[in-house]
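Produce the entire structure from the sequences given, and follow the hints as far as they go.
Protein chains in written order, with our numbering: chain A, 1 to 282; chain B, 1001 to 1255.
Be careful, since some hints might not be right.
Among the chain B residues that face chain A by a calculated CB cut under 10 Å, a handful are [as the list claims (entries may be wrong)]:
id, residue
1, 1084
2, 1091
3, 1253
Covered, in the sense of this in silico footprint (three residues per stretch, anywhere, with C-beta under 8 Å from a C-beta of chain A), are these stretches of chain B [to be verified]:
id, segment
4, 1010–1016
5, 1096–1109
Since the hints were derived computationally from the structure, they do not count as laboratory data.
Every residue, glycine too, gets a C-beta built ideally from N, C-alpha and C.
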Amino acid sequence: MTQNALVFNKVEKSFGELKALKNISFTVEAGTFVALLGPNGAGKTTLINCLNGLTKRDGGEILVMGEDPEVNPLHTKMALGIVEQELVFDPFFTPLEMLRMRRGLFGLKPDEEYVNWLLDKLSLTDKKNVRARQLSGGMKRRLMIAKALAHKPTILILDEPTAGVDVELRNSLYEFLGELKKEGMTIVLTTHYIEEAQLLADKVAIQDAGETLIFESTKTLLGRKKKILELTNEDGEVVTLEEGEKGGFNLEKISADYPRAHNLRVIEPKLEDIFLEFTKKK
Amino acid sequence: MIHPIRLWTLTYKETSRFLKVWTQTVGSPVVIAVMYFAVFGGALGSRITELKGVPYSIFIIPGLVLLQSTTNAYMNPSSSLIIAKYSGTMSDILLPPLSALEKTLGYLLGGLLRGLMVSILIFAVAGVFTGKYMPEHWLIFLAMLIFSNGAFAMLGTLIGIWAKNFDQISGFSTFVLTPMGFLGAIFYSLDMLPPLAQTLSLFNPFFYFADGLRYGFLGVQEVDPLFSVGMAGLIFVVLFGLNWLAFFKNWRLGI
Ligand SMILES: Nc1ncnc2c1ncn2[C@@H]1O[C@H](COP(=O)(O)OP(=O)(O)O)[C@@H](O)[C@H]1O
Ligand SMILES: [Mg+2]
Chain A
1 MTQNALVFNK
11 VEKSFGELKA
21 LKNISFTVEA
31 GTFVALLGPN
41 GAGKTTLINC
51 LNGLTKRDGG
61 EILVMGEDPE
71 VNPLHTKMAL
81 GIVEQELVFD
91 PFFTPLEMLR
101 MRRGLFGLKP
111 DEEYVNWLLD
121 KLSLTDKKNV
131 RARQLSGGMK
141 RRLMIAKALA
151 HKPTILILDE
161 PTAGVDVELR
171 NSLYEFLGEL
181 KKEGMTIVLT
191 THYIEEAQLL
201 ADKVAIQDAG
211 ETLIFESTKT
221 LLGRKKKILE
231 LTNEDGEVVT
241 LEEGEKGGFN
251 LEKISADYPR
261 AHNLRVIEPK
271 LEDIFLEFTK
281 KK
Chain B
1001 MIHPIRLWTL
1011 TYKETSRFLK
1021 VWTQTVGSPV
1031 VIAVMYFAVF
1041 GGALGSRITE
1051 LKGVPYSIFI
1061 IPGLVLLQST
1071 TNAYMNPSSS
1081 LIIAKYSGTM
1091 SDILLPPLSA
1101 LEKTLGYLLG
1111 GLLRGLMVSI
1121 LIFAVAGVFT
1131 GKYMPEHWLI
1141 FLAMLIFSNG
1151 AFAMLGTLIG
1161 IWAKNFDQIS
1171 GFSTFVLTPM
1181 GFLGAIFYSL
1191 DMLPPLAQTL
1201 SLFNPFFYFA
1211 DGLRYGFLGV
1221 QEVDPLFSVG
1231 MAGLIFVVLF
1241 GLNWLAFFKN
1251 WRLGI
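Written out as structure tokens, the structure is:
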């Protein structure tokens, strides 16, 4: 049986006049990786804040492992590990102290082995005993991820964790997220780097102006856009051909039409184009 | 609901901040106490020799202790909360499954322990100057120390939750708490005041804190010590309820 880790059903939230969330509806099955894509101001962070009890929704339904976070926050908070968008840290404590305290605040006994494993996985072992203000931006971001995982949540939510982060760190983060997913972790990642969604996500939710515009598997979504075959014909002109209705190209016909074709190249569809198409349509 | 590990960790977090900078936390009240005894005990004490049959330099000890310790008890949670708001680390408290009771107690204990630590130090410094170390009535002495420092800690929590910036926190301390302390009959006895001021003093909560503690330490009082303990206890309970409610409603802490 696949369990639903997260359910959003017609979630609404306003700040005064501003409707930050109008109609958010999608479901994250346990063990899947969902990318939540949307431009700035789409309401991604607000949606996450509705999950963790930082803010109260105005309407609709939210379930975290089957429980409403506003009704049973103690249960849902245990299930959630949240990496906030803003780079924040408490200047008084060292990474090691922070991870120990995070476990304690969740009511868990010390687990030095796990804490050290986390520090190691996030390349913070060297820095585990320095005050957080001495950490670089990338280290602080990794520390936030370690903190979110300190209580061994079943759902990890990352709010734009790769914004302003160097390529090397991004790649190692992707690798780590892949490992966590293999171990059965449910992961939701908000981002506006579309390659990230394409690379990592089983499913993609596209959100704009407080609405879920689309929610489907990354594969289906990419299938919405046709592959393009680009070739150079005998006159040296570049010709582009779209994939047929059923997918794929009729190579016999192509070689008949363009007997001296060369420089053949298939251009894969990009999530970015789909994303732009969807957010522009609105 | 109280989970021992959660409460212990929050209390640890709220005490380790002042313990990490303990030379500041402890140093400043001690220096101020020494100054008071040098000035009041030395210079003034030769003019006002006795109050209520107690040498003046000894009479002022409980008030002096309260003035310093309650300021520390107030500053601990209020500054912790405002720093968390500034640095965005409020979520360190909001994301974990801490109950309203655990939050109330955690911030209370942080402020209370700091207040008690400062109290003990100033009593010790005062003892060096005056030779008076031991309280007369232990039970009332301890109850008054806990109620008064606890009340100020919880006041600090409330102001910390309410405040948007550090100025509001220090403003409340400078314009409300400090005057309240100085007017709480800690350097004089009520009969030295004009009648109207005497009556007004009875509306000052700090008066009961100071008078009750003075009874516990010296055995002299202006009003019935049990009444002072009762008032202090009542203030403590009311503030406890308000703290719990603020945390329960997530008042001004959420988004
Ligand atoms: N506390 C708040 N008060 C008022 N408006 C807010 C608040 N938080 C977010 N908003 C507004 O809600 C909208 C959605 O913001 P946000 O959830 O941060 O979007 P995203 O994370 O997708 O960039 C924005 O227009 C933002 O200005
Ligand atoms: Mg955001």
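Here's how the hints hold up against the structure:
1. 1084: 8 Å, holds
2. 1091: 6 Å, holds
3. 1253: 9 Å, holds
4. 1010–1016: holds (count 4)
5. 1096–1109: Coverage by chain A holds for the segment 1096–1109 of chain B (4 residues, Cβ < 8 Å).
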